[in-house]
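As you go down the protein sequences, you meet chains C and E in turn.
Counting from 1 along the first sequence, just add 7 to a position and that's the residue number in my numbering.
Counting from 1 along the second sequence, just add 168 to a position and that's the residue number in my numbering.
Quick caveat, the hints were computed from the structure, so don't treat them as lab data.
Beta carbons: idealized from backbone N, C-alpha and C, even for Gly.
Heads up, some of the hints might be wrong.
As the list claims (entries may be wrong) - Beta-carbon label-pair distances, calculated as ranges:
1) C:T20 - E:K223: 46 to 54 Å
2) E:V268 - C:G60: 16 to 24 Å
3) E:G221 - C:T18: 43 to 51 Å
4) E:R178 - C:G22: 30 to 38 Å
5) E:T248 - C:M17: 37 to 45 Å
6) C:E48 - E:D195: 14 to 22 Å
7) C:T51 - E:T250: 29 to 37 Å
8) C:K75 - E:S241: 36 to 44 Å
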Amino acid sequence: GQNIDQPTEMTATEGAIVQINCTYQTSGFNGLFWYQQHAGEAPTFLSYNVLDGLEEKGRFSSFLSRSKGYSYLLLKELQMKDSASYLCAVQIGTASKLTFGTGTRLQVTL
Amino acid sequence: GAVVSQHPSRVICKSGTSVKIECRSLDFQATTMFWYRQFPKKSLMLMATSNEGSKATYEQGVEKDKFLINHASLTLSTLTVTSAHPEDSSFYICSARDPVPDTQYFGPGTRLTVL
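The whole structure should be built from the sequences, with the hints applied where relevant.
Here it is in structure tokens:
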């Protein structure tokens, strides 16, 4: 079966850097997505990794190691508005289906 | 990113009635759309894959006769919750697949409450 693990909760200070890890054990891996979701809202797309390495997009970066089944999302210069859930999702097979991890609730404090 | 709309955003209905939720891709054509369900403080659970012009593919444990999916055009998929019961109350979210690059864009979600 598919297994995707993320920490349940994290807390970080405004202005700091936080790394949210995601490990996965899946078959038919095609890529990995990170989404941000505020309470009561739909997820918004943050990043997509299909090859090993780091993808940087502004304050957010995402890393993938396919051989290790590991990814992380790095958030720099944290802002209060970054308080949200961060969902790791693995794209499996040719049907482009996404399997989501449990999500990490990030709380940014002053 | 691409824009996906959902309607209605909120619906309250009586037990036993049916509710239709629409999902539209506004600025691209989506041959594939997905329907998810999310319980409070839980992650998204894929219910079914909606394919334009063909039958939907349901995930294991999802009743296809209860959750009817129709993908009549390249920009519209509908989910009908038939004979709704209180346990069907949930946040339903659709996504539309943009093949280039292969990305899913999510609608704003529909909060269904069955009394």
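Checked hints:
Roughly 51 Å separates the CB atoms of C:T20 and E:K223, a value that falls within the hinted 46 to 54 Å. At roughly 21 Å, the beta carbons of E:V268 and C:G60 sit within the given window of 16 to 24 Å. For the hinted restraint 43 to 51 Å between E:G221 and C:T18, the CB-CB distance of approximately 48 Å keeps it satisfied. At roughly 36 Å, the beta carbons of E:R178 and C:G22 sit within the given window of 30 to 38 Å.
Against the hinted window of 37 to 45 Å, the Cβ-Cβ separation of E:T248 and C:M17 comes to about 39 Å, which satisfies the hint. A hinted range of 14 to 22 Å for the beta carbons of C:E48 and E:D195 is consistent with their spacing of about 20 Å. Distance hint check: the CB atoms of C:T51 and E:T250 are about 31 Å apart, consistent with the given range 29 to 37 Å. At roughly 42 Å, the beta-carbon separation of C:K75 and E:S241 lies within the given 36 to 44 Å, and the hint holds.
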